[in-house]
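Enquirer: Given chain W, put chain X in place with the hints provided.
Going down the list, the protein sequences come from chains W and X.
The numbers in our numbering rise by one with no breaks, and the one at position 24 of the first sequence is 24.
The numbers in our numbering rise by one with no breaks, and the one at position 184 of the second sequence is 184.
No lab work stands behind these hints: they were computed from the structure.
Hints may contain errors.
[Unchecked claim] Only pairs whose alpha carbons sit at most 25 Å apart, straight line, appear in this in silico DSS-like list of lysine-lysine: (1) W/K292 / X/K58; (2) X/K58 / W/K299; (3) X/K230 / X/K245; (4) W/K60 / W/K76; (5) X/K347 / X/K367; (6) W/K294 / W/K49; (7) X/K348 / X/K367; (8) X/K347 / X/K364; (9) X/K58 / W/K294.
[To be verified] If you want the ones that stay clear, here's a sample from chain W, every Cβ over 10 Å from chain X, calculated: (10) A59; (11) G100; (12) D113; (13) G176; (14) K292; (15) A295.
These numbers come from a predicted model, not from an experiment.
Using N, Cα and C, we set each Cβ at its ideal position, and we do this for glycine too.
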Amino acid sequence: MVTRREFLVEVGVAAAAAGAAAALPRTLRAFDVAPPAPAKSRVVVIRDKALAAEDLSAAKAREFLQEAAKALGGAKKPGDAWAKYFSPSDRVGIKVNCLGLPTSPPVALALADALGAAEVAPDRIIIWDRLNRELAAAGYELRGSGAGVRCFGTDALAARGNGGYDADIATSGEIGSLFSRIVTDETSALASASVLKDHNLAGLTCGLKNFFGAIHNPNKYHSSGCSPFVADVCAHANIRGRLRLVVCDATRPQYHGGPPSRPRWQWPYGGILVGADPVAVDRIAAMVLDRKRKAEGLKSLEEDGRPIRYLAAAEERGLGTADLTRIEVVSIGQPWMDV
Amino acid sequence: MEATQSQSRREFLKVAGAGACALCAAGVLARAAAAQDDEPQPQVAMRDAMWFDALPDKAVRCTLCPRECVVADLERGYCGVRENHGGAYKTLVYGNLCSLNTDPIEKKPLFHYLPGTAALSVATAGCNMECRFCQNWEISQFRPEQVKSRIVAPAALAGAARERQVPTLAYTYSEPVVFYEYMHDAAAAARAQGVGSVMISNGYIREPALRKLCEQLTAVKVDLKAFTEKFYREVCAAELAPVLKTLEVLADVGIHTEVVVLIIPTLNDAVDETRDMARWLLKTMGPDVPVHFSRFHPIYRIKNLPPTPLATLERARKEAMDAGLRYVYIGNVPFHEGEHTYCPSCKKVVIQRVGYRIDSSGLKDGKCAACSTPIPGVWTQQQALAQRARRGSGG
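Bound-form chain W, shown alone (with noise of 0.2 Å):
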């Protein structure tokens, strides 16, 4: 059964495809006049068993991320695809989420290995979270300096003072956080790579609030679904200004239960999304969710109380689109939908 949200995304993919103006009746075609239509934003839902294989290699996780970007971007060649969002002076920052169901280590690095396609440099990377106990516990190899990608937490910069994070209070509409110094000294870009998973308060954990990751605070804002507080944090110029793409590893996501690993409820999905607008990536994110989660015979996250509210005050906050309508599916591989 395909819902009405998801049919009308289905249309949008197919009706960009067709050129469905043309179909459209004369009285309509008279808006052709007016300004064209902001462009969609895309998201790209890659699949495939491989991708849910235990035995992932970053290798093979980042032969699909090429394709995933080359369709994100309309590039024929995959440093192309990246150079849209990373050049060669960006010191990049990809933000992991290790609580609990972690991003896998395989797709996080396959990331930062196909930013060289970008000629973004290997020591100009740093793969991290808040702290490094939980990137080793996750899998993660620390490495705090050398010449390769490094890997370590917000708590390996405590020298600096403040346990490693800013030391001026940052605001963001309801929220009022120190930012690591992650982002603050050593990034000037970000790329969130967010792992698919239910959360008992929010709703969701994707692409978005990843970044509760980068505040020193986050116990403060799980009030409300976590909403507007995941909006303020990524409203702010620290995340907002550096956030070039987000990768949401669904190769094994979770449906219920979480933030916390329950294998019981991870399934093998197969997918990465990804796409530049975070706001887009979480709305069909939650779609993946929902559908699998009405397949297992439980309620929708709204029927279970648990609506992704952030969503709609990062849309106000001009931070992506969460109107369906407005975002584009690019399916490549087994249909996203398909659960």
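Expert: Using the frame of chain W, we list chain X on its own:
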């Protein structure tokens, strides 16, 4: 909330150095210091939490404070210092003190409790509110692993106070409710050694936890941030009603309680609000509860408002006294006459305060020296410990 001032996290080394030296002399921190290269470190000190319910799927509901956070496995509550470990809720701040100092008891402020004495004052990271005017946000709004701290066992802390002849332990600066287990155990240890314990708190605690704690405490100071839900919701991310409930419980328990109200221009300085608050306090706590109206200074997330005009504080004091409260003070205004304690009968000064210099010569055996009117308060250590013993035995 009293400011840590020299006790802030950033200056812990300098200040705790002084405090630690004193304690080291008493043998308290010597072992800890040796184990930690004499350098406070960001750290957690885990211990089972006392107040929570287990929920399905290894989740827990914290029952310590009115938030009653539902916390998933590996997540933390709002306070940031309690963490779910596989369905077992843990405090991460059992004795890892980020602040440690000896203060005048008047700094808390407690004006009717052992005037002129000192209190060995401690804090850990964390708070269960987020007041946008917090004076100590650099410890209260941080997680334990983000601040430097030293681990001091409850008995060692109590022993240090006793050896230094400091009559009181004060749990203060941040929000002691969030380090409840340590406070409870330290207060019990102090009780056994003849040392009192005072909690300087926002009063955001559930009744069962509060009643159990009161068996060990000798006094409480509550910050009543305002008298409207709107203020609590918008400025403190909390609710007023549970704080009022706390004051009711404290009155019922009979523990010595003082109330502080920080008056912030335009936010909680309306005459009607002050009057309503005073009437409620009179009705609930009685006319003898000491109430302090303190001056706000711009800090943390409220830097766009000026310090409270003195006239506003004086007006609030007058409103409260007109409502029937007998002991109303002005705080954060050194040398103001509103810092003194006056006899409600003959109006003579019974305790004169000039900064932290205290002259209690007008008080004799708990009475006005001029007219013998009893002045309510805890004036001797024996009195402090005796009232606690009565509560502890079910009184």
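Enquirer: Confirm or reject each hint.
Expert: Verification of the supplied hints:
| no. | hint | in the structure |
| --- | --- | --- |
| 1 | W/K292 / X/K58 | 23 Å, holds |
| 2 | X/K58 / W/K299 | 20 Å, holds |
| 3 | X/K230 / X/K245 | 17 Å, holds |
| 4 | W/K60 / W/K76 | 19 Å, holds |
| 5 | X/K347 / X/K367 | 13 Å, holds |
| 6 | W/K294 / W/K49 | 22 Å, holds |
| 7 | X/K348 / X/K367 | 12 Å, holds |
| 8 | X/K347 / X/K364 | 15 Å, holds |
| 9 | X/K58 / W/K294 | 23 Å, holds |
| 10 | A59 | 31 Å, holds |
| 11 | G100 | 6 Å, violated |
| 12 | D113 | 29 Å, holds |
| 13 | G176 | 5 Å, violated |
| 14 | K292 | 18 Å, holds |
| 15 | A295 | 20 Å, holds |
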